[in-house]
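Student: The chain contents come next:
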Amino acid sequence: MATRRGFLAGILAAGALPQVSWADAGAPEMLGACRDDAGAFGLVGLDGQGQALFHIPLPARGHAAAAHPTHPEAVAFARRPGTYALVIDCMTGRVAHEMQAPAGRHFYGHGVFVAGGDILATTENLIDTGEGRIGLWSRSDGYARIGELASGGVGPHDIRLLGDDVLAVANGGIRTHPDHGRDKLNIATMRPNLSYVSLRDRAVVEQVTLPPELHQNSIRHLAVGPDGQVGFAMQWQGDTADTVPLLGLHRRGAAPILAQADAGEQVAMQGYAGSVSFDGAGARIAITSPRGGRLHVFDAVDGAFLHSHKRPDICGLVAGAQGFVASDGLGVILSVTDRPRLLARHDGQAWDNHLVRL
Amino acid sequence: MMNALLTAMVLAGLMAAPAVGDVRDAVQEHVLPAASGFAATTAALAAAAQANCSATPLRPAYQAAFDSWMGISHLRLGPMEEEGRAIAISFWPDKKGMIPRALNRLIEAADPVATDPAEFAEVSIAARGFFALERLLYDPELSDYGDGDYDCVLVQAVAGDLARMAADIDREWRTGFAQELEQAGGENSRYLDPREALQAIYTALDTGLEFNALQRIGRPMGSFAKPAPRRAEGWRSNRPLRNVNLSLMALRDLAHALTDVATPQTDAAFADALDVAARLDDPVFAGVADPSGRLKVEILQQRIAEIRHAIANEIGRPLGISAGFNAGDGD
Chain Z
17 MATRRGFLAG
27 ILAAGALPQV
37 SWADAGAPEM
47 LGACRDDAGA
57 FGLVGLDGQG
67 QALFHIPLPA
77 RGHAAAAHPT
87 HPEAVAFARR
97 PGTYALVIDC
107 MTGRVAHEMQ
117 APAGRHFYGH
127 GVFVAGGDIL
137 ATTENLIDTG
147 EGRIGLWSRS
157 DGYARIGELA
167 SGGVGPHDIR
177 LLGDDVLAVA
187 NGGIRTHPDH
197 GRDKLNIATM
207 RPNLSYVSLR
217 DRAVVEQVTL
227 PPELHQNSIR
237 HLAVGPDGQV
247 GFAMQWQGDT
257 ADTVPLLGLH
267 RRGAAPILAQ
277 ADAGEQVAMQ
287 GYAGSVSFDG
297 AGARIAITSP
307 RGGRLHVFDA
317 VDGAFLHSHK
327 RPDICGLVAG
337 AQGFVASDGL
347 GVILSVTDRP
357 RLLARHDGQA
367 WDNHLVRL
Chain S
1181 MMNALLTAMV
1191 LAGLMAAPAV
1201 GDVRDAVQEH
1211 VLPAASGFAA
1221 TTAALAAAAQ
1231 ANCSATPLRP
1241 AYQAAFDSWM
1251 GISHLRLGPM
1261 EEEGRAIAIS
1271 FWPDKKGMIP
1281 RALNRLIEAA
1291 DPVATDPAEF
1301 AEVSIAARGF
1311 FALERLLYDP
1321 ELSDYGDGDY
1331 DCVLVQAVAG
1341 DLARMAADID
1351 REWRTGFAQE
1361 LEQAGGENSR
1371 YLDPREALQA
1381 IYTALDTGLE
1391 FNALQRIGRP
1401 MGSFAKPAPR
1411 RAEGWRSNRP
1421 LRNVNLSLMA
1431 LRDLAHALTD
1441 VATPQTDAAF
1451 ADALDVAARL
1461 DDPVFAGVAD
1471 PSGRLKVEIL
1481 QQRIAEIRHA
1491 IANEIGRPLG
1501 ISAGFNAGDG
1511 D
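Those protein sequences? They're chains Z and S, same order as listed.
One rule links them: number in this note's numbering = place in the first sequence (from 1) + 16.
One rule links them: number in this note's numbering = place in the second sequence (from 1) + 1180.
Computed footprint of chain Z on chain S; a stretch qualifies when at least three of its residues, placed anywhere within it, have a C-beta under 8 Å from a C-beta of chain Z:
| no. | region |
| --- | --- |
| 1 | 1267-1274 |
| 2 | 1374-1387 |
Here are the simulated lysine-lysine pairs, DSSO-like style, with alpha carbons at most 27 Å apart:
| no. | chain 1 | residue 1 | chain 2 | residue 2 |
| --- | --- | --- | --- | --- |
| 3 | Z | Lys200 | S | Lys1276 |
| 4 | S | Lys1275 | Z | Lys200 |
| 5 | S | Lys1275 | S | Lys1476 |
| 6 | S | Lys1406 | S | Lys1275 |
| 7 | S | Lys1276 | S | Lys1406 |
| 8 | S | Lys1406 | Z | Lys200 |
| 9 | Z | Lys326 | S | Lys1275 |
| 10 | S | Lys1406 | S | Lys1476 |
Source of the hints: derived by calculation from the structure; they are not laboratory data.
Backbone N, C-alpha and C define an ideal beta-carbon position, used for all residues, glycine too.
For reference, chain Z alone in the conformation it holds in the complex (with noise of 0.2 Å):
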C-alpha cells in the first residue's frame, strides 16, 4: 500500500495525471457484451438511444463488465468458473492488462469498482472450501492483487457498491468446482444470502437469508436505488412449476420484502431472473425472464406486481431515462415505458446477458 500511496502522490506533485474519460470514447451512457452470427465475441459500447458507439473484439464469451466511474475503462470477465478477466482500454480497444485469478481461486463474473475507481473488487470461489471470497485489485498498481476479503457465502455472483465503504454481495449458495465445470454440487443443502461487506472493517456487517423453504432460491444479481435500497433478483432451483418470488427489496436493518406476480405470471417466468434494475426514478423495480420471455415490473416501495412485457429472449435490463432499457438475445435494446418500444436494432448480433450502466 506505501509504494501506491507513493507512485500517486509523485503523479499528482507532478500534475501529469492524464485526464482522459468516457467522454473521450465517445460517451457511452451502457455496456453489452454480445455474440454476432459468426460466432465472434465483442463489448459494445452504447449511447442512449442504443446506437453503438463502439465495438470491441473479446476473445470468448464474457459475462458482465465492471466499467470503471471515470476512466474509458471496463473489465470484462470470463465466464464463470473462468480464471481471466480482461481489462479493456475502451479509447483503444486494447486489452490494457489481462487479470488472473490467484492459485486456487476462479472469477465468477462480476465485479465493481471502490474507491472512487482505485479498487477493483471481484467475487471469486475459493476451490478448496468452496468459500466465497472477494479479490481486491489496484488499478492504479496495473491491476495488482492487493487483499481479499469474505464475501459471506458460498458463490458470490454479483456485487454492487452502496456509498463509500459496504459492498452488496449476491452470494448465490451454490457450490461449483471447476473439475465439474458448472454442475451444481450442494443443490440439496445450499443456503444463498445477501451480505453486506464493510471495506473499512473486512467484515460482514448484515446479512439477509431467506425462510428455510426458499433455500433454493439462488440469490444472483443486485441493483441498487437511489437512496440505497437494493433489490436482488433470484433463480430457483427447485422444480420450475414452483410459484416463488424471483425479486427481493431491501434496506438496511429491515426484513426484505419478496415480490411476485399473481400465479399465472408467475408460473411464466419459469422460476428464473436473469437481470434486475430499478427505473431511473428508482420507484419502480423489474427483473427479466429470458426463459419466459418475460419482464416484470414492481413497485419499489411495497413490491406491488403491476406490469407484464412479453419479449423472447429478454434478459439484459439497466435504468433509462425513463422507466427501463432491456436487450434481447434478437440484438435488439428496448425503451421500456408503459409499454416496450424500439430503440435499436443491432442485427446479426445476440445480446449476452447484462447491460450495464455507466
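With chain Z's structure known, arrange chain S on it following the hints.
Tutor: For chain S alone, coordinates are given in the frame of chain Z:
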C-alpha cells in the same frame, strides 16, 4: 454462353428457393383451424353442461374438448398469453394441491361467484380450467353431486369460462394476431421482422416438444428411486398417453406447415415417436413404477428428444434461428 448464364440467373431468381419457414402457412393451415376447433369443442362442452351437469354424461364432451386443447396448447404466444389464459385453461402441474382447496372453498361457501361469468373469470386459476373440471367430473369425492347441488352450478361455470377463453383466443387470432405474425415488421406488429415471427412459431414448436418430454412424461417418471405416476397430466381422466400422442400429432402438423422443403429427418423422428406411443400399452404411465414399464416410457421420451434434434437441424438451422441465446444459457 452468356445467354445461358443470364437465363440461369433469371430462373434462379424467379424460382426463389423453396422457403423453409412459412409463417403464413403455419398460421392458416395449423393455427387457425386448431383455434376454431378448440372454440367449437369447448362451446359444445359448455352447452352440454347447461343441458345436464351430472358428471358421467358430461365426460365425453370433456374428453373431446381436451382433445382439441392438445391441438393448440403448444401455441403459447399472442392470444394465449393474454390474461394468463394458457395457465388458466390448464393449471398443471398443481404441485401445492391448490385445485382441491380452491374448489372446496367455493363449494363449502356455495359461493355465488359461480353464477356470474364475469366474476368467475376473476377467481383463482386453481378453480378454473380443465383440471378443476377434471376434479369435479372424475374425482370420486367431488363427482357424486346431484342436479340441485352447488357443484352443478360450478361445473357449468368452469365449462362456460373455458368456452369463453377459447372463443376469445379464436377471435383474437383471426382479428389481429394472425396479421401481426404474417405482416411482421409492419406498423402494427409486435414482431419487428419476419425472422422474429418465425422464431416465435419455431419456439412454440420446440417448447411444445420439450413440454411433452420433460413435463408430460418427465413428471410421472420422477426418478428411478421415486417414480411418480400420479403426477401424470390428467391421470384421473385417463389422458396421460393420449395427451402426448395428440400433442405430437399437432406438433408434426405445425412442423410441416412451417416448412416447404423436405424434412426427412424430422418426418422419420415424428413417425418413430408416434409409433412408440402407439405401441405403448400404458395409458396413464402407471408402468413407470417398475423397471420394464419405465424403460418403455423412457424410450418415448428419448424419441421426442430426437425430434427436437431433427427440427433444430432441418428447420431451425436453415432459418438461422435457435432456442434463445439467453434463455438457453443463463447465469
